[in-house]
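Chains A and B, in that order, are what the protein sequence lines are.
Residue numbers for the first sequence follow my numbering, beginning at 57 and rising by one.
Residue numbers for the second sequence follow my numbering, beginning at 233 and rising by one.
Calculated from the structure, these hints are not laboratory results.
The model shown is predicted, which means the values in this text are computed figures rather than measured ones.
Ideal placement from N, C-alpha and C gives every residue a C-beta, glycine not left out.
Warning: the hint list may mix true and false statements.
Stated by the list, open to error - Label-pair ranges, simulated between beta-carbon atoms: (1) Leu116/A to Thr303/B: 50 to 60 Å; (2) Lys306/B to Thr232/A: 51 to 61 Å; (3) Lys348/B to Ile86/A: 32 to 42 Å; (4) Thr232/A to Arg255/B: 27 to 37 Å; (5) Pro113/A to Pro406/B: 36 to 46 Å; (6) Ile321/A to Leu309/B: 39 to 49 Å; (7) Gly271/A to Trp537/B: 51 to 61 Å.
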Amino acid sequence: MRDRKNPHAARSLAITTYGARGLRALAGLIVALWFLLPLYIAFVTSVDTRADVFRFPPHLIPDFDFHPYVAMWHMAHWSMYFRNTALITGITVAIALTTSVLAAYAFVYLKFPGRQALFFVTLIVLMVPSEALLIPNYVILHQMHLLNTLWAQILPFGGSVFGVFLLRQFFLTLPTSYWDAARIDGASHLQFLWSVVLPLAKPVLLTIGLYIGIGCWNSFQWPLIVTVSHNVQPIEVAVQRLMSSQSVDWRRLSAAGLMATMPLIAIFVALQKHILRGMSRTSGLQE
Amino acid sequence: MNQPMVVRAATTTGRQTLTSRRRTWLTAGLFLLPLFAFLVTFTYVPAGLSLVLGFYHYHLMGVHTTFGGLTDFKEALTYPIFWQALRNTIVFAVYMIPATLIGAVAIAVLIGERTKYYAFLRTVVLLPYVTPIVATSIGWLWMFNPQYGILNAILHWLHLPESEWLLSPQMAMPSIALYSLWHGLGFDVVIVISALSNVPRQVLEAAALDGATGWTRFRRIILPLISPTLFFLTIITTIGTLQAFSQIFALTGTQAQAGGPENATLTLILLIYQTAFNYYHFSYAAAMALVLVVMLLALTLIQTWLSRRWVFYQ
C-alpha cells in the first residue's frame, strides 16, 4: 500500500497478504477443531464397537453403533434426572427474574429515602465469594429442614444481583415520559410494569434468563453437597455417580456424557446471539 | 423528578402529598421485599456466619455449640495437607492466569475478524463454555487415557515422550488446567475481541503510515489499549481458579479419592468440601474457607496494586 506507484511491489504485497490470509484461516480452523475435538472423541467413543474403542492409535471414524445409548438410557432413571434438572432450572429462573424485575423497577421508578444506599448494599453481594457461603448455606438449609429437596437447589439462587443490575441499566434507558403518560391514564405501578415495561424488556429478560438458566442446568457442586437421594438430583450429579461406579464401560459413559451435553449445545446453537450479548454485558460489570 | 406536573398541581394540600409519598414508599418496600428476602437468607446472613463459624465448634446433630476461639485456625495451619492444598491452589492459578491471558489474546487476534467464516470459528470456540463440566469431562478422561487416549497418540506421532496425564502427580494439575482452558477460554476470547474492536482504527493506520511493524503496533498500541480488559480477565480468572471444583472432582474422582494422585490436585476448595461434607468437621472447614476468602481478597488487592504499573486507563 505504501508503494502504490510500483505495480510489482503492490502485487507481491497482495500475494503475501493472500498467502497470509490463507495461513490465518487455516490456523483458526485448527484452533476451532481443537475445541471441538473432546466432543468429537466422546461421540466416536459412544458409537464405536467395543473392539474399535480399545485401539491405539485411536479410531477416529465412528462406527454408528447406537446400542450404548439404548443401554445407557435403561441403566439410569434418565427421565427423572432430566425432569429434576428442568424443574430446578425453570423455577429458579422464574423466581430470580421476578425478584430482579420488581427490585430493579423500585430502584428506577420509585423514589424512596436511601435508594442509592440500598442499591449499593445490593451490589456488595457481587463481592461475596461463593466459597464462603457453602458451609453457612448448608447449615441454614439444615435449620430450615430443606436439605435433600429440590428447594435446596432453588432458593439459594432466588436473588440475582446480576439480573437487578442489568434490568436497572435497561430501565434507566427508557424515557420517563412513558411513566408520565401511564400515570395520567391512571395506571398503577404494577400495571405500568406489566403492560409497558416488561414487553420492552423481553430481550434483556431472555439474556438474564439464559445466563441464570445455563448456570443452573450445569450446576454440580451445590447439588452434590445438599442432596443424597437420587429422586431429587440433577443430571450432572447422576453422571458423576455413573463415572465413579467402575462397572460402566466407556462407550455407555460417553453416551451418557453426550446425552447430558446435547440440550446445552442445542440451546447454544439456537440462541447464541443472546448468550453473546449477556457476556458482553457481564464484562460491562467491570466498571 | 418525573412526577408529572398535572399530578403535582392536583395535590393541593401537603397532607395529600404525604400520603402519596407514603404510598410510594410502601410500594417500593413491597417490590424490594422478595429480592431482599432471598439475599438476606442466602447471602447476607451466611456471609456473616462464615466470619464466625470458624471460631465455634458446631455440629449439625450436636446438642450445643461451643466457642472454640482460634483452635480451628491453629489446627488448620498446622495440618500439612492444608499447606499442600494451598500450594496446589496457587500452582493451579500460576498455570491458569498466564495461559488464559496469552491464549485469549492470541486466539482473539487470530479469529476476531468480522467475516462469516471467523464468526463460525468463534461460535465453535465459545461452545464448550456452555457445556456441563462433569459430562464433558468424560470425553477428556478418554483423551487423557495413557493407553488409548488421543493425546498420547499425538505425542507418539510427534516422536515426543508420552505422558501418564491425570495419573501422574506432576502432570495431573497441568491436565486439569488443559481441561479448564478448553472449557473457559471461549469466554475470555469473546471479551478480548470486544476490547479489540474498540481500538480506534485511525490510530493503527497512522502508526502503520509512520512505518510501525505489526508487532510494534500490537505491543505499543493495542496491548496498552486493551490492558484494562486484561486486568479484568486476570481478576476473574483468579476468582474462577480458586473456585474450580467440578472439573477436579470429575477428572480425578474416578481414582481412589478426588484430589489425587497423591493429593497432587487437592485444592483448598476440594479440601474444604471433603472436610465439611465427607468428615463433617464444619468449624474446621469454615476456618479454612475463611483463609481462602482472605487469600482471594489479598490476591485481588495485590493484582490491583500491580496493575498500576501495567494497566493503561485512557
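- Okay, Ile321/A versus Leu309/B on CB: inside 39 to 49 Å? With Cβ atoms ~45 Å apart, the hint holds.
- So does Lys348/B sit 32 to 42 Å from Ile86/A, Cβ to Cβ? The hinted range 32 to 42 Å is violated for Lys348/B and Ile86/A, with Cβ atoms some 19 Å apart.
- Query: How does the Cβ-Cβ distance of Pro113/A and Pro406/B compare with 36 to 46 Å: does it lie in that range?
  - Reply: Once the Cβ atoms are compared, 22 Å apart, the range 36 to 46 Å for Pro406/B and Pro113/A is violated.
- Query: Between Leu116/A and Thr303/B, does the beta-carbon spacing fit 50 to 60 Å?
  - Reply: 57 Å, holds
- Return holds or violated for the Cβ distance of Lys306/B and Thr232/A against the range 51 to 61 Å. 58 Å, holds
- Query: Between Gly271/A and Trp537/B, does the beta-carbon spacing fit 51 to 61 Å?
  - Reply: This hint is violated: roughly 31 Å between Cβ atoms.
- Regarding Thr232/A and Arg255/B, is the given constraint of 27 to 37 Å on their beta-carbon distance met? 19 Å, violated
Checked against the numbered hints listed earlier, the structure breaks hints 3, 4, 5 and 7; every other hint is satisfied.
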